[in-house]
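Visitor: Residue numbers (my numbering), protein chains in the order written: chain W, 34 to 384; chain F, 73 to 689.
It should be emphasised that the hints constitute simulated quantities derived from the structure, not laboratory data. Treat the hints with care, as some may be off.
[Unchecked claim] Where chain F lies over chain W, by a calculated footprint (3+ residues, C-beta under 8 Å): (1) 113–122; (2) 133–139; (3) 154–164; (4) 344–356; (5) 362–369; (6) 374–382.
It should be emphasised that the depicted structure is a prediction, and the values quoted were computed from it without experimental measurement. Ideal Cβ placement from N, Cα and C applies to all residues, glycine included.
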Amino acid sequence: MSFIAKPKVAHPGLPRNELGLTRRDYEGGMSTLCAGCGHDSVTAAIIEAVWELSLRPETLAKLSGIGCSSKTTAYFVNGAHGFNSVHGRMPSIATGAIAANRDLHYIGVSGDGDTLSIGFGQFAHAIRRNIDMLYMIENNGVYGLTKGQFSASADVGSKAKRGEENAQPPVDPVLTALTLGCTYIARSFSGDKEQLVPLIKGGLMHKGFALIDVLSPCVTFNDHEGSTKSYGFVRDHYDEVVHADFVPPATEITTQYAAGDATAVTLHDGSRITLRKLDPSYDPTHRGKAFNYLRDKLQQGEYVTGLIYIDEHSPEFHQVNRTSTVAMNQVPYAKLTPGSKGLEKIMARYR
Amino acid sequence: MLQSADAADRLNDFVLKLANVNGTGSASANTLLMKSIFRMGVPVMGKNYFPSNIQGLPTWYEIRVTRDGYVARSGRIDLMVAMNAETYARDVQEVSPGGFLLYDSSWPRPTLLKRDDITILGAPFALMCNETFKGVRARILLKNIMCAGALAALLEIDLDVMRTLLGESYASKKSLLDSNVRALEIGYNYAKEHFSCPLPLRVQSMDKTANHILIDGNTAAGLGCMYAGATVGAWYPITPSTSLMDAFKSFCEKWRIDPVTGERLFVIVQAEDELSAIGAVVGASWNGARSFTPTSGPGISLMNEFIGLAYYAEIPAVIFDIQRVGPSTGMPTRTQQCDLMLAAYASHGDTRHVLLFPNNPEECFHMALAAFDLAERLQTPVFVMSDLDIGMNDWMCPVLKWDESYQPDRGKVLTKEQIAALEKFQRFVDKDGDGITARTLPGVHPKGAFFTRGSGHNQYGGYTEDAAEYQLVVDRLKRKFDTAKTLVPKALITARSGPRDGGHEIGVISIGSCDGAINEALDILKRRGVHVDYMRVRGFPFGAEVEEFLATHSLLFVVEQNRDAQFKSLLTLETAVSKEKLRSILHYSGLPMSSACIVEGVVAEMGAAPKIRAAVS
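Next comes chain W alone, as it looks inside the complex:
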């Protein structure tokens, strides 16, 4: 970790977003993670994304469970409420928070242990409910705070720092999410900010559950020869299939694509995601084909990255529930009770 706090005064020349805020205004507390941790790069990408989106800091809510990854919600956007809850249970906190106030942007940060082991059930059910949030897994295949045990995402044959080889098959969050009906699924790499930032922006603006599985190497316990979650291995076995660019509402798509190379998906707020297919055979709107493609590539030891699947039509949690557009925590009390007249009517049934 770094012990040198940055000065509070921002350089007057720093670029400002639509709200007149600089990137510094979206920073959080000082990271206490190991120097070189992939998670800090993810934090930087989140800061970049919310700054570019010009979100008011207080309209963001940061949720996490327990673990190295879950600590990172303290390291970005100080002006947003954060909730570091219990191990593996952030999805239920998110469910309740979203039920109570549909007006905020929710970003959950979790890890492979938090999501795929202790929290696997909650993760699955949050996807089923299609709650409107961005859920990021900082996936490094290893338990850091307890010093180097395999996690459920460790690949067969992957070696621990002390040489032990993992024999149990991994749980792949992307394949899991595809089967559970997740409506926005991406995989990225902490070392690829250019790919990650637009995925975060798209995930935040997507109406429903957006999952980004970020391969985020652990420099202390899982960055050695023989690990399949090391910086080196990920760089060498990294296959971007669909590159996404995020285009805010009422902005012209300026990037030039070769004909037939790119398609655009319009999100609920009018923003668009342009999808540039790097493998022409791939279809990110077909769940079954996406699943087969990914499974085959995984068997070949390749991490497919980019925007893997998107569905902008399935109703999210509040649409299914037909919840009032007024957030539940904003409804005046008078609207919530039928008063003494109502109680008289109700009582008649019990006489």
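Go by the hints and put chain F onto chain W.
Guide: For chain F alone, coordinates are given in the frame of chain W:
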């Protein structure tokens, strides 16, 4: 046989028990009988003893007709309606001497149904149903209604009242109404022709149920949640709490859906388990919505980790524990007060929680409101400790009235303007000296943002591993718990002992659903010359009035429904009372309490105390 002198005694004062097979429609016949008597102005008590099963197992319903308005079981059975051959043997044994048994004589009377000291009556209900109605299902379901008709003749229940009730139930189903009324009348006429009606057990109209309702505690609590302004309910189905969320849902569907747009002013999350249910409650409460979960003991066990988080991170949460028999899965359809210690100290580390103890559905309604107010005022989990007896049985209660001046107490939540005016927001600094600090809600103002965590934190909300900073926060939490003592509902104290007779101040202390049995027991004891004060504790932590009652009585009976005297343990742990003064009266069979065990418990102890022996004998 009852002597004629007894007959007057049994007018509006007897117990009827119906033995049935579950899934055969007996519930609607039972309700019809009980409600008819209630509509005749006669107080009733109903207890349902049902199996953890959907169809085919024995089930019993006990109706106590009680002109004196007692709400507990009496311990005797005057008329058994034996409709389940499988349980004939035990049903016939349960009838009190001089009582009656009515059975279905469609088949030859089994030798099992034989006792010289009771009167046995047979009516061929199944045969008559088969002759009158078509279809297997209708024949099975209407048999119980036909039996209710026979009981109307035997007990002189007003047939018009029963017809009216059927009319209300089947207002939109004319064919069902016709067949039900027909079954009722066939049963009634059969009894009139074949038996000497009425029996000495008789119902006669009174005026004692005006301004009263029959309602179960879970319905009343669900109603209370709606009136409290709860907008987020999260739950995992578990007996015996399920009907609470069912009630909340049906009230909200009636009153909280915009008739034009169909938009709903409530969210119900049926979670994947209780861990997730309490997580959603904590998340919603953190975000400023009133949120609750109904559950039972096994659910609380699962929720422990989150309850500790809510305690330490100071987030409101309302939890209804509809207690059932433990340990483990226990007996899910039987009642106990067995989660007291579990709830009071739920979760690891130093935790203590606020508990409320309703004694009946009326208090379930009011304590639901109190629970939300306390949870938000104190920023902590609050448990409403109901049980299966209160939650799932119909109780006679005063009509619930609404105080239009009620406004929810949202506690110390800073507004946008208040936050803006602050130099810096400090989440856990105790400015008022009551241990309760101001909180902010997400989305209101960037200056109000803070980091909620279950890890060690200082009074500014920042992470800490510093001893002094840690202790500052947990010591304040202890002060906050002292504040809670002054906010929970006060214990109700009934002085019955009259003038003191030389230092023998005797008291009974109890909680929740023991109340009915205790009140009846104290009346019985009083008639026998034993005068006992009574304190019904309604909240934990215990207030000053509890300490005072304990201090001013020399002998105290602690009445509760569990094996290990959990309430007595709480009293000894959390008050200054000396253990030597406390005597336990425990009831933990899974059935609701009757007064007998209290009378026996008190008399046995008094028998041992020579000075009072004379009064008792």
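Visitor: Compare the structure with the hints numbered earlier in the document and write down the numbers of the violated ones, lowest to highest.
Guide: Violated hints: none; all satisfied.
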